[in-house]
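Enquirer: Let the hints inform the model, and build the full structure from the sequences given.
One-letter residues, chain by chain:
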Amino acid sequence: MTSLSDIPVIQTPPEAPARGGNPLANVFDDFIRYCRSRSLFMLHYCTGCGAIELPPAMTSRFDMERIGIQPMVTPRQADILLVTGYVSVKTLKRIILTYEQMASPKYVIGICSCTVNGGMYWQSYATAKKLNDYLPVDLYIAGCMPRPEAVIEGLKALRDNIEAGTSDNWKDYYQRYDHYLGNQQRLFGADWQTPTEVIAEAKHYGLFGPDTLGEHTRRLEDHRKPLEPLRMTLNAGRLEHME
Amino acid sequence: MNVASLLVELVLMPLVAFVVGLAMVLMMRRIAARLQRRVGPPFFQPLFDIVKLYGKHTQTSHGLVHDLGIVMAVGGYIAAETMLPVPGMTGIADKGGLVVLAYVMMVPSLGLALGVGQCANPNGSIGISRALTAMLAYDVPFIIVIFGVAFHFGSSNLITIAAAQQAAGIAGWGVSQMPLLALAGLFALHGMLGKQPFEIYVAPAEIATGPMVEMSGKHMGGLFVMQCFQLYTAAVLYVTLFLGGGENWLSFLAKSFAVLAVPVSLAYLFPRYRTEDLVRLMWKWPTMIGLLGLAFLMH
Chain A
1 MTSLSDIPVI QTPPEAPARG GNPLANVFDD FIRYCRSRSL FMLHYCTGCG AIELPPAMTS
61 RFDMERIGIQ PMVTPRQADI LLVTGYVSVK TLKRIILTYE QMASPKYVIG ICSCTVNGGM
121 YWQSYATAKK LNDYLPVDLY IAGCMPRPEA VIEGLKALRD NIEAGTSDNW KDYYQRYDHY
181 LGNQQRLFGA DWQTPTEVIA EAKHYGLFGP DTLGEHTRRL EDHRKPLEPL RMTLNAGRLE
241 HME
Chain B
244 MNVASLLVEL VLMPLVAFVV GLAMVLMMRR IAARLQRRVG PPFFQPLFDI VKLYGKHTQT
304 SHGLVHDLGI VMAVGGYIAA ETMLPVPGMT GIADKGGLVV LAYVMMVPSL GLALGVGQCA
364 NPNGSIGISR ALTAMLAYDV PFIIVIFGVA FHFGSSNLIT IAAAQQAAGI AGWGVSQMPL
424 LALAGLFALH GMLGKQPFEI YVAPAEIATG PMVEMSGKHM GGLFVMQCFQ LYTAAVLYVT
484 LFLGGGENWL SFLAKSFAVL AVPVSLAYLF PRYRTEDLVR LMWKWPTMIG LLGLAFLMH
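Residue numbers (my numbering), protein chains in the order written: chain A, 1 to 243; chain B, 244 to 542.
Because the hints were derived from the structure by calculation, they are not lab data. The structure presented is a predicted model; accordingly, all values stated were derived computationally and were not measured. Fair warning: there could be bad hints in the mix.
What the hints assert, rightly or not - Below, simulated BS3-like cross-link-like pairs (lysine-lysine); rule was C-alpha separation at most 27 Å, straight line: (1) K130(A) / K93(A); (2) K130(A) / K156(A); (3) K461(B) / K171(A); (4) K203(A) / K461(B); (5) K461(B) / K156(A); (6) K129(A) / K93(A); (7) K156(A) / K203(A).
Expert: Okay, here's the thing in structure tokens:
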């Protein structure tokens, strides 16, 4: 694309009117959305050098907690997945596993140039260039590396987006799963699978879209091995050793 | 007391406990922030966290016992709140008494253990085994303290204990009558809260918050509610046993928050004990102090 005007602009549909014309009908939803924007638990997946900017952003100098953000250590509890730096192919698998275990609504933030376009690892054969191809990124904080002020600014921008209801890329992962899975398969091979049943979740929570299924999810079914529980014996770990 | 007013009290007492508990969580986080020279969370942060967690779109449950475990964890404390007399409301404190309360206060840990068990996450199992070991550790001084107070006042009824202290004035308070037991009680209270020197079972960096590792959405929200109740229960029980209970809401809340501020302020200054060191510490110092206090009391 040569000029900016050629880039298609996605038109967001106008906001649906309140149910039954009652101005108070959405009060509860608005309240939950406000709480959601004011309380963000952050799982920092510190892959690269950007990790060093997070301790000052969290501790006494810049104090994230005053805007309601606090670090959490497991994907189950977290709302934000913070990817701070270059993502190697091997790391990306773990990031996707982590992302799929998080409870929606969930948000992905890419920090540093490396998550935007590969940055200084552009020519590396082992680095995933654009994080947005594999996960729905809500916000990029560009820079090499961004200062803590920029990190805080970015988090505030995410907070405002959530409050305005414009930050719902997590739905995109369900609705266009085929697209994301295709990109993942291109990198990891055709037999790539995760333990999380994304398609079943999309059906269960009413997030099924026309592009959830496609040629890549069909390929997933060909290669899918059923997940079986590990054998429960007292010395299961040792058996292999002895044989 | 007629049935209607009793029902109102049974509903109101846990509600009041929850609101006060939210403020206590806020105080805890603000104290931590001040000690670390931070600003700390906004006023409504504990409420935002809980609403957000319950408002999660996708909920991950690992089965029926996982859900029931959280219900037990919250329910145990709700039962405990109805047995803790507060100014103007006694609920079923008259029927319950200290012994039932001590039993009910163990239910949340056991419920959590059940729920975590079904998650089948090794971090969770390690965490809950440490939590139950810690419970074994702090319950010994806790029971000694409870026994001592009941012996001193000749009753295990919390209303009687509070009334006896209020009638005698500050000189008759548990803390002036039995300072050694009060000290041991403060130790046990600190262990019960699971704050810093005694928080090996949470250990975020090593076992990923232990029992909470698989909790998301409403399960985690339930645990946040449980934390509010936990802080309230521990503080109010201590106030009732040693600081004369509540004559009116103002002094009652002031005493409760002051009691809680002691372990919370100490908490953020220390690293943590290992589980065996925790047990050794709890079975040595508070138990010894408590037994010494008992000896003075019975002599």
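Enquirer: If a hint holds in the structure, say so; if it doesn't, say that too.
Expert: Going through the hints against the structure:
no. : hint              : in the structure
1   : K130(A) / K93(A)  : holds (14 Å)
2   : K130(A) / K156(A) : holds (23 Å)
3   : K461(B) / K171(A) : holds (20 Å)
4   : K203(A) / K461(B) : holds (21 Å)
5   : K461(B) / K156(A) : holds (25 Å)
6   : K129(A) / K93(A)  : holds (14 Å)
7   : K156(A) / K203(A) : violated (32 Å)
Of the numbered hints stated above, the single one contradicted by the structure is hint 7.
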